[in-house]
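Engineer: The primary structure of each chain is shown beneath.
Number of protein chains: 2
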Amino acid sequence: ADPTAGREKASACSTCHGIDGIAKIPIAPHIAGESEVYLQTQLKAFRSGKREHEIMSIIAKDLSDEDIADLSAWYASIEISVQMPDS
Amino acid sequence: ADPTAGREKASACSTCHGIDGIAKIPIAPHIAGESEVYLQTQLKAFRSGKREHEIMSIIAKDLSDEDIADLSAWYASIEISVQMPDS
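Protein sequences, first through last, are from chains D and Y. Just remember that the working numbering sits 4 ahead of the position in the first sequence, which is counted from 1. Just remember that the working numbering sits 4 ahead of the position in the second sequence, which is counted from 1.
Keep in mind that a hint or two might mislead.
Identical copies carry no separate label here, and so any pair may be met within one copy or between two of them.
[Claimed, not checked] Calculated lysine to aspartate or glutamate pairs in the DMTMM-like style (CA-CA distance at most 20 Å, straight line):
hint	residue 1	residue 2
1	48	58
2	13	24
3	13	90
4	28	58
5	28	83
6	48	83
7	13	40
8	28	70
9	13	66
10	48	90
The hints are simulated quantities; they were obtained by calculation from the structure and are not laboratory data.
Kindly generate the complete structure, drawing on both the sequences and the hints.
Structural biologist: Structure below.
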């Protein structure tokens, strides 16, 4: 898996999820820093039809295993940090 | 929706997703900072069976609409920031 290749392949992803994995619309999740195994599992589930979404089911249909590995490597390579709300 | 109540209800969630929304195991996604609508949609999809996962399908089955709203409000209230990899 090649994160640099994944970044180059991520233009369709970035429309909703951002190239940095921070979603641009509320219905899309942030995917920055998710694990490769989680991202690959979800993309394969959308591709197979196990998981369904009006946009992702179409996007994932044309992805090869290598595309999925590269895209997952890219988004997994982004580091995230959190700030808890004041309580 | 009450994020403080959500935090108190999140002990089962936190086993895998962390109380701060940073996952403790690779198969679970980070959920910190996801939008309320995304989190609610996923929890309701697991509850209804539209989305399936061996753990989440069981966890979600017992959640009320109020639980889902509160839990989603909690995790949505955490701010995330990203650091892009050096290229």
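Engineer: Decide, hint by hint, whether the structure agrees.
Structural biologist: Structure-based check of all given hints:
| no. | hint | verdict |
| --- | --- | --- |
| 1 | 48 / 58 | both (15 Å within a copy, 17 Å between copies) |
| 2 | 13 / 24 | within (13 Å within a copy, 31 Å between copies) |
| 3 | 13 / 90 | between (38 Å within a copy, 18 Å between copies) |
| 4 | 28 / 58 | within (17 Å within a copy, 30 Å between copies) |
| 5 | 28 / 83 | both (18 Å within a copy, 15 Å between copies) |
| 6 | 48 / 83 | neither (23 Å within a copy, 29 Å between copies) |
| 7 | 13 / 40 | within (16 Å within a copy, 29 Å between copies) |
| 8 | 28 / 70 | neither (26 Å within a copy, 27 Å between copies) |
| 9 | 13 / 66 | within (12 Å within a copy, 40 Å between copies) |
| 10 | 48 / 90 | neither (38 Å within a copy, 28 Å between copies) |
Going through the hint list in order, the structure does not satisfy hints 6, 8, 10.
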